[in-house]
Amino acid sequence: MNQVTGVELIKACSAIGAGLAVIAGIGPGVGQGIAAGFAASAVGRNPGAQGAIRSTMLLGQAVAETTGLYGLLVAILLMFVQPLAR
Amino acid sequence: MGSYTLAATNVDFMIHGLFQYEVFGQKLWITTTHVSVLIVMLILLIFGLVVKIKVSKVRPEDNPTGLVSACEILVEKLDDMVISSMGEKHYRKFVNYIGTIFAFILLSNISGLLGLRPPTADYGVTFPLAIITFCLIHFNQFKYQKVKGVIAGLCDPWPIWAPINIISDFAVPVSLSLRLFANVLSGTAIMALIYALLSKFAIIWPAALHFYFDLFSGAIQTYVFCMLTMTYITSAIGEEN
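Residue numbers (my numbering), protein chains in the order written: chain A, 440 to 525; chain B, 10 to 250.
Rather than coming from a laboratory, the hints here were simulated on the basis of the structure. Glycine residues also receive a C-beta, built at the ideal position from the N, C-alpha and C atoms. Treat the hints loosely; a few may be bogus.
Sample of chain A residues at the chain B side, in silico, Cβ under 10 angstroms [as the list claims (entries may be wrong)]:
1. PHE477
2. ALA491
3. LEU498
4. GLN500
5. LEU508
6. LEU511
7. LEU512
8. ILE515
9. MET518
10. PHE519
On the chain B side, residues computed to face chain A include the following (Cβ under 7 angstroms) [what the hints assert, rightly or not]:
11. PRO137
12. ILE140
13. ALA191
14. SER195
Can you build the whole structure from these sequences, using the hints too?
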């Protein structure tokens with residue numbers, strides 16, 4: 440087994456950090472599910488307003504998604520740009 | 010240590026420089042993003058010219074057919090979308106801007122289908138779009154609420170909250186652009202990973218993923234960008250609406 444250099448250690452830790460960063464996806468997943476569930480019950484109560492409910496749901500889901508995307512962005516930066524291993 | 014080659018080293022979805030030039034001693038690059046943006050704008054320009062020629066040949070008493078009627082449906086849908094979120098009174102002023110960014114972002118997002126790197130997967134493209142929206146928001150805020158209304162809006166619950174309100178104002182373009190950028194970039198990254206790591210098995214089924222990441226996700230994000238732009242501008246116009 441060869442000696443592990445500093446850069447390789449940083450790269451390995453970056454990969455672990457990227458994995459930890461995408462845990463942020465849990466929150467938007469739950470939030471989008473709740474939004475979709477309430478939208479479904481709203482359509483059940485008032486089928487006539489389906490179009491308005493759908494656009495409102497998509498807008499809310501997209502805003503909720505942003506926090507998860509920040510985590511994903513950090514993961515992509517750590518994996519492919521590797522700012523720490525320079 | 011060269012024996013431990015990472016499997017992901019041939020994954021490539023980054024921006025490439027094609028041509029270098031110098032401005033005032035500063036080295037700048039013409040990148041793949043510039044090329045993609047030019048191609049997208051060329052497609053939109055040709056489409057617009059063709060539609061203009063077709064429309065100018067139509068006589069008013071005829072029923073519109075083919076491309077002309079399709080474009081009429083598109084314009085009607087766009088008007089409906091803008092009216093439903095901005096109201097009848099103000100929509101005329103903003104429908105052209107919303108239509109322009111809608112067409113540009115939609116075609117940019119789905120340009121992955123043409124084999125291009127989507128221009129919106131570059132933060133240098135999405136941030137200016139958000140900056141334009143930011144300027145529109147604050148221009149209309151000053152125009153309709155006057156300086157007094159803007160200051161009252163900044164000191165919303167109490168004057169102590171003014172710094173927090175300013176920060177939340179400046180967070181709008183950042184979150185708006187990062188949302189679009191990260192969505193498109195994640196799709197691009199996943200497609201690049203699949204093509205690089207599963208290259209032997211990526212025969213026909215990636216088409217389904219292209220459908221999801223390029224068409225569905227791209228259309229949703231375009232819609233969301235435009236809806237959020239309209240929502241922010243409407244709230245900047247204020248109670249007068």
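Hint check:
1. PHE477: violated (18 angstroms)
2. ALA491: A:ALA491 check passes; min Cβ-Cβ to chain B is 8 angstroms, inside 10 angstroms.
3. LEU498: holds (5 angstroms)
4. GLN500: holds (9 angstroms)
5. LEU508: Hint on A:LEU508: holds, closest Cβ of chain B at ~4 angstroms, below 10 angstroms.
6. LEU511: A:LEU511 check passes; min Cβ-Cβ to chain B is 6 angstroms, inside 10 angstroms.
7. LEU512: holds (5 angstroms)
8. ILE515: holds (6 angstroms)
9. MET518: Since the shortest Cβ distance to chain B is 8 angstroms, the answer is holds.
10. PHE519: holds (7 angstroms)
11. PRO137: Not OK, violated: B:PRO137 not within 7 angstroms of chain A, min 19 angstroms.
12. ILE140: violated (18 angstroms)
13. ALA191: Where the cut-off is 7 angstroms and the nearest Cβ of chain A is about 4 angstroms from B:ALA191, the hint holds.
14. SER195: holds (6 angstroms)
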